[in-house]
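Residue numbers (numbering that gives the first Met the number 0), protein chains in the order written: chain L, 0 to 169; chain W, 0 to 169.
Since the hints were made in silico from the structure, they are not lab data.
Hints may contain errors.
[Unchecked claim] Dumping the calculated DSSO-like pairs for lysine-lysine here, alpha-carbon to alpha-carbon at most 30 angstroms:
| # | chain 1 | residue 1 | chain 2 | residue 2 |
| --- | --- | --- | --- | --- |
| 1 | W | K162 | W | K110 |
| 2 | L | K63 | L | K160 |
| 3 | L | K110 | L | K163 |
| 4 | L | K160 | L | K92 |
| 5 | W | K59 | W | K159 |
| 6 | L | K110 | W | K110 |
| 7 | L | K110 | W | K162 |
| 8 | W | K59 | W | K162 |
| 9 | L | K63 | W | K110 |
| 10 | L | K110 | W | K59 |
| 11 | L | K59 | W | K160 |
| 12 | W | K159 | W | K63 |
| 13 | W | K59 | W | K110 |
| 14 | W | K59 | W | K160 |
| 15 | L | K166 | L | K59 |
Spelled out from the first residue to the last, the chains are:
2 protein chains.
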Amino acid sequence: MVKGLMFVLLVLVAASSSFGKPENNSSAKKENKFPQTLSRGWGDELNWTQTYEEALFRAKSSNKPLMVIHHLEDCPHSQAMKQIFANNKEIQKMAGEDFILLNLVFETSDKHLAPDGQYVPRFIFVDPSLTVRADITGRYGNRLYAYEPADLDLLLSNMKKAKKLLKTEF
Amino acid sequence: MVKGLMFVLLVLVAASSSFGKPENNSSAKKENKFPQTLSRGWGDELNWTQTYEEALFRAKSSNKPLMVIHHLEDCPHSQAMKQIFANNKEIQKMAGEDFILLNLVFETSDKHLAPDGQYVPRFIFVDPSLTVRADITGRYGNRLYAYEPADLDLLLSNMKKAKKLLKTEF
């Protein structure tokens with residue numbers, strides 16, 4: 000009857016180490032807003048995928064790069080990046096036109112999405128050939144995929160870099 | 000630089016076989032509604048998890064069973080079950096109080112979630128001990144985890160069955 004134990008969950012705990020010095024304001028944010036959205040405030044007009052499986056499928060089938068944003072609601076650095084990201088017209092336009100989008104508050108079990116560890120906020124690009132673009136990094140040596148609001152231009156330039164696909168098909 | 004090829008995507012294609020005889024009305028539903036919600040109409044007041052990883056973590060940590068609903072927007076049988084599910088007070092109350100909830104339009108790579116194949120709609124329960132309750136089935140021998148609107152009472156009774164945990168902790 001019972002189907003047996005499922006795979007062991009290795010990397011289930013949400014990344015608790017955030018970039019810099021997080022303030023603990025979780026108690027002030029306990030009220031849930033319904034219905035919850037897939038955008039989580041990163042751009043309500045954009046088309047967000049739900050899961051990594053869906054995102055990879057859509058990246059491959061549309062031949063567009065995937066941008067994965069790991070963040071946490073209780074991390075002020077994530078929140079600051081979200082504000083910048085959601086309110087910047089150039090980012091929103093490029094994200095909407097040229098990228099498959101996924102934002103996650105839980106880590107996946109795929110270690111390729113955490114080339115130098117699990118922390119937030121973390122921006123990882125994946126080529127439509129399904130190769131993680133570990134070469135596209137921010138400016139912090141100890142957290143290669145972290146960005147601060149002041150790094151907006153670098154994020155924009157990295158998005159442009161991700162648009163140059165590794166393998167041009169056809 | 001480039002981090003190497005990611006894992007091969009075996010089960011990425013969304014289940015195209017739906018329960019019974021699907022009507023193809025995808026073209027009529029092309030307009031996207033923004034912002035997209037995690038509930039997708041299965042209960043806007045309920046707390047839906049985003050990914051299977053998150054759902055498993057929350058089931059384990061809260062010691063509540065997980066209900067996974069596989070469905071498709073273009074499947075009339077999924078839509079009919081959604082209407083029943085979203086409008087039945089007893090189901091909504093029990094779902095909200097006693098279950099961790101996840102609805103998926105993309106299959107995961109975990110074959111335990113498809114004990115007899117990938118089809119929609121499909122209701123699978125997972126015990127907080129992370130065991131898929133393959134013993135909790137509907138009434139169709141060829142699609143053990145499918146339910147029609149007429150099977151509402153059976154679904155309710157199966158939800159009650161899932162609430163009796165396999166291993167009582169403490």
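Next on the checklist: Holds or violated: K59(W) and K110(W), Cα atoms, limit 30 angstroms.
Outcome noted: holds, 20 angstroms
Checklist entry - Holds or violated: are the alpha carbons of K59(W) and K159(W) at most 30 angstroms from each other? => result Since the Cα atoms of K59(W) and K159(W) sit roughly 18 angstroms apart, the hinted pair holds (cutoff 30 angstroms).
Item to check | Holds or violated: K59(W) to K162(W), with C-alpha atoms at most 30 angstroms apart | outcome: The hint holds at about 13 angstroms.
Item to check | Pairwise hint evaluation, K110(W) against K110(L), where the allowed Cα distance is 30 angstroms at most | outcome: holds, 20 angstroms
Next on the checklist: Check the hint pairing K110(L) with K162(W) against an upper bound of 30 angstroms on the C-alpha distance.
Outcome noted: It is violated: about 33 angstroms lies between the C-alpha atoms, which goes past 30 angstroms.
Checklist entry - Hey, K162(W) versus K110(W), does the alpha-carbon distance stay inside 30 angstroms? => result Holds. K162(W) to K110(W) sits at ~23 angstroms (cutoff 30 angstroms).
Item to check | Straight-line alpha-carbon gap K59(W) to K160(W), limit 30 angstroms | outcome: holds, 18 angstroms
Checklist entry - Hey, K63(L) versus K160(L), does the alpha-carbon distance stay inside 30 angstroms? => result Measuring from Cα to Cα gives roughly 12 angstroms; hence the hint holds.
Checklist entry - When you check the alpha-carbon spacing of K59(L) and K160(W), does it fall within 30 angstroms? => result violated, 40 angstroms
Checklist entry - Holds or violated: K160(L) with K92(L), Cα cutoff 30 angstroms? => result holds, 16 angstroms
Next on the checklist: Tell me if the straight-line CA distance from K159(W) to K63(W) falls inside 30 angstroms.
Outcome noted: holds, 12 angstroms
Item to check | Agreement of K110(L) and K163(L) with the hint, judged by alpha carbon distance not exceeding 30 angstroms | outcome: holds, 24 angstroms
The structure fails to meet hints 7, 11 from the earlier list, while all remaining hints are met.
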